[in-house]
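Trainee: Sequence:
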Amino acid sequence: MADIRVRFAPSPTGYLHVGGARTALFNWLFARKHGGKFILRIEDTDIQRSSEEMVRGILEGMAWLGLDYDEGPFFQADNAEKHREAALELLDRGAAYRDFTPKEERDDATVKERIAEAARQTATRNPFRDLPRVESDARAAAGEPFAIRFKVPEAGRTSFEDAVFGLQEREYKDIEDLVLLRSEGGHPLYNLSVVVDDILMNITHVIRGQDHLSNTHKQVLIYEALGKPVPTFAHLPLILAPNKGKLSKRKHGEIVSITTYRDAGFIPDAFLNFLALLGWAPEDAEFADREIFSRDELIRVFSLEGIHKSNAVFNFTEGDERNWTDQKALWMNAEYIKTWPLDRLLPLVKAELQQAGLWKEEFEGARKAWFDRTIDLVRERCRTLRDFTLKGRPYFVDDLSFEFEEATVKKNLQKDPALRDLLPGLADAFAALAEFNHETTEACLRAFADEKGVKAGLLINATRTALTGQAAGPGLFDVVVAIGQPRASERLRHAASLV
RNA sequence: GGCGCGUUGGUGUAACUGGUUAACACGCCGCCCUCUCAAGGCGGAGAGCACGGGUUCGAGUCCCGUACGCGCUACCA
Numbered sequence: 062m063a064d065i066r067v068r069f070a071p072s073p074t075g076y077l078h079v080g081g082a083r084t085a086l087f088n089w090l091f092a093r094k095h096g097g098k099f100i101l102r103i104e105d106t107d108i109q110r111s112s113e114e115m116v117r118g119i120l121e122g123m124a125w126l127g128l129d130y131d132e133g134p135f136f137q138a139d140n141a142e143k144h145r146e147a148a149l150e151l152l153d154r155g156a157a158y159r160d161f162t163p164k165e166e167r168d169d170a171t172v173k174e175r176i177a178e179a180a181r182q183t184a185t186r187n188p189f190r191d192l193p194r195v196e197s198d199a200r201a202a203a204g205e206p207f208a209i210r211f212k213v214p215e216a217g218r219t220s221f222e223d224a225v226f227g228l229q230e231r232e233y234k235d236i237e238d239l240v241l242l243r244s245e246g247g248h249p250l251y252n253l254s255v256v257v258d259d260i261l262m263n264i265t266h267v268i269r270g271q272d273h274l275s276n277t278h279k280q281v282l283i284y285e286a287l288g289k290p291v292p293t294f295a296h297l298p299l300i301l302a303p304n305k306g307k308l309s310k311r312k313h314g315e316i317v318s319i320t321t322y323r324d325a326g327f328i329p330d331a332f333l334n335f336l337a338l339l340g341w342a343p344e345d346a347e348f349a350d351r352e353i354f355s356r357d358e359l360i361r362v363f364s365l366e367g368i369h370k371s372n373a374v375f376n377f378t379e380g381d382e383r384n385w386t387d388q389k390a391l392w393m394n395a396e397y398i399k400t401w402p403l404d405r406l407l408p409l410v411k412a413e414l415q416q417a418g419l420w421k422e423e424f425e426g427a428r429k430a431w432f433d434r435t436i437d438l439v440r441e442r443c444r445t446l447r448d449f450t451l452k453g454r455p456y457f458v459d460d461l462s463f464e465f466e467e468a469t470v471k472k473n474l475q476k477d478p479a480l481r482d483l484l485p486g487l488a489d490a491f492a493a494l495a496e497f498n499h500e501t502t503e504a505c506l507r508a509f510a511d512e513k514g515v516k517a518g519l520l521i522n523a524t525r526t527a528l529t530g531q532a533a534g535p536g537l538f539d540v541v542v543a544i545g546q547p548r549a550s551e552r553l554r555h556a557a558s559l560v
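FYI, in this note's numbering the residues of the first sequence are 62 to 560.
None of these hints come from the bench; they were simulated from the model.
In this text the structure is predicted, and so the values were computed from the model without any measurement.
Accuracy of the hints is not assured; some may be wrong.
Said to hold, decoys possible - Pairs of lysine-lysine, DSSO-like flavour, derived with a Cα cap of 27 Å: (1) Lys370 / Lys94; (2) Lys516 / Lys476; (3) Lys173 / Lys389; (4) Lys421 / Lys389; (5) Lys307 / Lys289; (6) Lys411 / Lys429; (7) Lys471 / Lys452; (8) Lys234 / Lys164; (9) Lys312 / Lys370; (10) Lys173 / Lys305; (11) Lys307 / Lys279; (12) Lys173 / Lys143; (13) Lys310 / Lys234; (14) Lys212 / Lys143.
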């Protein structure tokens with residue numbers, strides 16, 4: 062396929078959410094796979110609900126995910142004049158007509174009810190549909206306000222082949238004469254604007270949410286009336302909330318916003334990987350059992366044919382602090398943290414440490430070897446990048462400015478009063494070591510335990526808490542070495558005061 | 001109300017053009033490892049493929065109906 066051009070066209074009425082991000086991702090993957098162009102177009106024609114802040118949010122989200130676009134961002138509102146011209150052209154050709162019916166105000170909250178209500182009454186044809194042209198022109202010239210509606214043909218049906226949902230057909234009689242231009246200021250409406258913009262931008266494949274599937278028939282009609290080629294459509298299944306209801310910013314809040322995942326310490330590649338598998342699976346049997354796909358692999362194996370028809374559930378439990386979002390996403394992120402080549406992970410960890418004020422230049426200089434080893438040690442237990450500063454803090458500060466968990470202190474330090482004397486003793490033993498490594502520290506601690514007639518486990522757990530303030534962590538002697546000789550002794554002495 | 005789309009374990013998915021006890025991942029449970037917590041290894045529970053008919057030697061895979069869910073039906077996008 063040559064000269065493929067796709068677009069992501071979010072409306073800035075909300076932040077970039079998981080559904081939108083996945084739509085963007087699929088467009089991006091498709092473009093990258095086929096060497097096509099990925100275009101970003103902000104559909105801001107609803108001035109009431111659009112805001113610049115939301116535009117920024119969308120841009121930020123895409124930047125974080127690394128979904129780079131080749132053209133844009135374009136703003137649909139900038140093209141309003143072109144849209145108007147198209148409507149006028151349609152009017153000229155007799156494919157549209159002026160509707161002089163006074164505008165009826167509809168408010169957002171009650172539309173659904175009003176639609177149902179109106180449907181119960183028998184539909185009547187718009188009285189202006191067949192108004193003679195001269196009369197229409199005269200009334201318009203006299204300054205009477207009007208909207209422009211598309212004139213849906215009498216008998217027949219539209220059809221198009223959706224790349225995901227297959228052949229779609231709809232009777233003309235089931236399509237109402239949609240408004241193209243509002244009576245107020247000739248403001249163009251969505252169905253007209255998308256079509257005109259997609260024509261202007263030479264879009265070849267329209268990949269978007271399934272919520273547009275029904276409306277596509279109207280758009281096909283507009284393409285045809287304008288005498289332009291109809292692009293290929295590929296509609297994506299929706300992403301639903303756990304109750305299988307709509308995933309909405311209003312109801313589900315932060316959890317659907319992409320920036321939440323950035324701020325929570327997700328690796329963009331991991332989140333992308335997770336998103337890709339929501340409603341899509343590689344066709345190639347070779348990849349059937351794989352879950353982890355790098356960006357390049359996704360590009361390689363992506364295809365429209367692998368997209369599902371049924372909606373996917375974004376699975377999370379509200380109020381569960383540890384599993385605050387889809388557990389598979391969390392698992393995947395941990396998987397990336399554990400298995401990514403260290404040099405790819407390091408920049409992300411650096412950014413995290415910098416943000417927490419824990420970064421020191423020497424981590425890239427004199428202490429690089431130590432730093433790399435320590436990150437490698439700690440990463441095993443991290444689910445998010447935030448954990449590097451949360452759980453990892455004791456490794457990166459020289460003083461005692463890390464948290465001593467209350468319950469842990471009670472359990473590991475205060476359980477046995479003998480520790481008050483044992484810990485300083487162990488501190489001395491550690492300080493006296495000529496070589497400070499895994500073997501020598503372990504031998505030292507065990508010998509010390511033997512000598513004092515206590516179980517090694519008592520000292521091991523107490524030491525972990527003394528050095529990190531935590532009850533859980535890497536193997537103790539790895540911790541001891543990572544903390545290093547001076548800090549270890551110092552922290553052991555300090556811990557004695559907590560007993 | 002009308003039109004459309006969908007329905008495989010709790011979740012995400014797999015199952016060649018109908019053909020062995022429906023597979024994988026997350027999650028859950030147990031065991032091993034062990035100084036803790038993870039990770040890792042091993043094993044287990046969990047769907048008979050929304051339901052009801054039909055076609056067929058044989059259906060998750062084809063057909064019809066029903067239910068449920070979702071979308072659209074706006075001078076919103």
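Trainee: Of all the hints numbered above, which does this structure not satisfy? Sort the numbers upward.
Mentor: 3, 4, 5, 12 and 13
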